[in-house]
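Engineer: Chains as they are written, first to last, in my numbering: chain A, 54 to 193; chain B, 254 to 674.
Quick caveat, the hints were computed from the structure, so don't treat them as lab data.
Note that beta-carbon positions come from the ideal geometry of N, C-alpha and C, so glycine has one too.
Check the hints yourself; a few may be wrong.
Far from chain A, by Cβ distances over 10 angstroms, these chain B residues were calculated [stated by the list, open to error]:
no. : residue
1   : Ala303
2   : Pro313
3   : Gln520
4   : Pro603
Rough simulated footprint, nothing fancy, chain B against chain A, three-plus residues with beta-carbon under 8 angstroms [said to hold, decoys possible]:
no. : region
5   : 58–68
6   : 79–91
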Amino acid sequence: MLYAILCYNFEDVVGAWSPAEDAAVMARLGAVEAGLAAAERMGATARLLPTTAAVTLRKGRELMVIDGPFAETKEQLLGFYVVDCTDLEAAIAVARDLAVANPDRGAYEIRPLAVYRPGSLDGASRQVRGREAHVRGAGA
Amino acid sequence: MTIANIDAAWIDAALTAARPQAVAALLRYFRDLDTAEEAFQDACLRALKAWPKNGPPRDPTAWLILVGRNAALDGVRKQSKSSPLPPEELISDLEDAEATLVDRLDGDHYRDDVLRLLFICCHPDLPATQQVAVALRIVSGLSVRQIARAFLVGESAMEQRITRAKARIGAADVPFGAPGAEERAERLNAVAAMVYLVFNEGYSAGGQELLTRGALCDEAIRLARLLLRLFPGEPEIMGLTALLLLQHARAPARFDADGAVVLLEDQDRGLWNGRMIAEGLALIDKAVRHRRPGPYLVQAAIAAEHDRAERPEDTNWARIDLLYGDLEQLAPSPVVTLNRAVAVAKVAGPEAALEMIEPLAPKLSGYFHFFGLRGGLLLQLGRKDEARVAFDQAIALANTAAEAAHIRLHLDRLMKESAGG
Numbered sequence: 054m055l056y057a058i059l060c061y062n063f064e065d066v067v068g069a070w071s072p073a074e075d076a077a078v079m080a081r082l083g084a085v086e087a088g089l090a091a092a093e094r095m096g097a098t099a100r101l102l103p104t105t106a107a108v109t110l111r112k113g114r115e116l117m118v119i120d121g122p123f124a125e126t127k128e129q130l131l132g133f134y135v136v137d138c139t140d141l142e143a144a145i146a147v148a149r150d151l152a153v154a155n156p157d158r159g160a161y162e163i164r165p166l167a168v169y170r171p172g173s174l175d176g177a178s179r180q181v182r183g184r185e186a187h188v189r190g191a192g193a
Numbered sequence: 254m255t256i257a258n259i260d261a262a263w264i265d266a267a268l269t270a271a272r273p274q275a276v277a278a279l280l281r282y283f284r285d286l287d288t289a290e291e292a293f294q295d296a297c298l299r300a301l302k303a304w305p306k307n308g309p310p311r312d313p314t315a316w317l318i319l320v321g322r323n324a325a326l327d328g329v330r331k332q333s334k335s336s337p338l339p340p341e342e343l344i345s346d347l348e349d350a351e352a353t354l355v356d357r358l359d360g361d362h363y364r365d366d367v368l369r370l371l372f373i374c375c376h377p378d379l380p381a382t383q384q385v386a387v388a389l390r391i392v393s394g395l396s397v398r399q400i401a402r403a404f405l406v407g408e409s410a411m412e413q414r415i416t417r418a419k420a421r422i423g424a425a426d427v428p429f430g431a432p433g434a435e436e437r438a439e440r441l442n443a444v445a446a447m448v449y450l451v452f453n454e455g456y457s458a459g460g461q462e463l464l465t466r467g468a469l470c471d472e473a474i475r476l477a478r479l480l481l482r483l484f485p486g487e488p489e490i491m492g493l494t495a496l497l498l499l500q501h502a503r504a505p506a507r508f509d510a511d512g513a514v515v516l517l518e519d520q521d522r523g524l525w526n527g528r529m530i531a532e533g534l535a536l537i538d539k540a541v542r543h544r545r546p547g548p549y550l551v552q553a554a555i556a557a558e559h560d561r562a563e564r565p566e567d568t569n570w571a572r573i574d575l576l577y578g579d580l581e582q583l584a585p586s587p588v589v590t591l592n593r594a595v596a597v598a599k600v601a602g603p604e605a606a607l608e609m610i611e612p613l614a615p616k617l618s619g620y621f622h623f624f625g626l627r628g629g630l631l632l633q634l635g636r637k638d639e640a641r642v643a644f645d646q647a648i649a650l651a652n653t654a655a656e657a658a659h660i661r662l663h664l665d666r667l668m669k670e671s672a673g674g
């Protein structure tokens, strides 16, 4: 099983860190990530830019781009895509395609990434599949 | 680092981040800057004791407001035993506030409170430097000593200056009602200009002053972010935040080890802060969608052109020239034209640029950069004697030691050349 770990904190507290404090936190996180990567348990890692940099494509009869993210609190973050786009316009176009494919309720938040490390998602999933096969084999 | 250390840093950052909203809300209750500040200080002291034990509250700002308010009211009650009750208007909303406080702490209230607080600091009766000083004291919570150091004046002189500014604010009629949409937009402009001033105070520092004044840039960015959270749909606030981020991203490369200025084209671009640049570019991208470009956004777009270029020769000077053209229309000023001339020199040559800045001479006769650029252009054209005169004038007008040292370098080179030739 793969787990997505979504990081929450008070944005204004993190925003009040000085560049040196921020770098210190990132260095500490980097040490943890290095350990996980060495064990091939590390997938894609992304740090999101502040919410103030985001826009939202709201679904509905008419697709609408608004300053966001102001999704209703009842709506929860269910997952995320990482797409490579030349600019915001192109990213919104991708979200439009997704919204058309899944036109129910909700919204897509389009947020530029600050740091992106592709990691070894494939390797990790291969490993997990291997372990599942091993478990099934043991059960049989 | 131990857990206790992380907690202390977290609490410190939380108190800093909550300060504008908390002081602003306390000011609404007590209508007196000193009382509001003292109440906030009290609440911070209590937070330092309570939070490590109980963990941080769900909403630190609301906690600080409630505790600060109660602490100040306690003080008022104790005093009232020996002195007559304070006039009713000094303690507004006394009855209903307690019960409904948490309900009222929604975004709208915060927004109007903070805007009011920032607006008080940019009171039109105060000169710009005092606006900045008061804002740094009240909104940012810098100590008088820190501010004095940033402005290169004595602590007691700064204390006096801030006290005088506060008195002037207190005597003036400060509007406490909720501002209307139009009024709010006007105030927001004044507040944005004040944040921009705070940034420039820090940005124009060099060498030795860098350590103390560079922090002002961080503080201005924090204030811009605060404004952006309060007004997430204002393209000019996006533009202002982007501008500050894109300029400050270059800070690590702007001075060499000796504190001398490193020109944009000589800077080690590997030292630029990539994350700040990415955030600035994203904000511009978003603001442009509103199709209402303002002066901050255009300035940010110009800064972005520099930040985007991987090497100096990749800089799109033609586009920068166009953007300066837009800026001349939106906010005409001789300084804008002077800056445009730098782009014109790259696109059309030094002759064209020189022609462009000559008419500015009467208006910019006291401006360091005018003579610096003039000298540089004359030098490119081989008019050495005239260049030397311009550089001499620039040195006489330099604001910082780093600026003077930079021009001195040009002059020394000229001297050496003429000695050799």
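Engineer: With reference to the structure, classify each hint as holding or not holding.
Structural biologist: Status of the hints after comparison with the structure:
no.	hint	in the structure
1	Ala303	17 angstroms, holds
2	Pro313	7 angstroms, violated
3	Gln520	17 angstroms, holds
4	Pro603	35 angstroms, holds
5	58–68	holds (count 6)
6	79–91	violated (count 1)
Checked against the numbered hints given earlier, this structure breaks hints 2 and 6; the rest are met.
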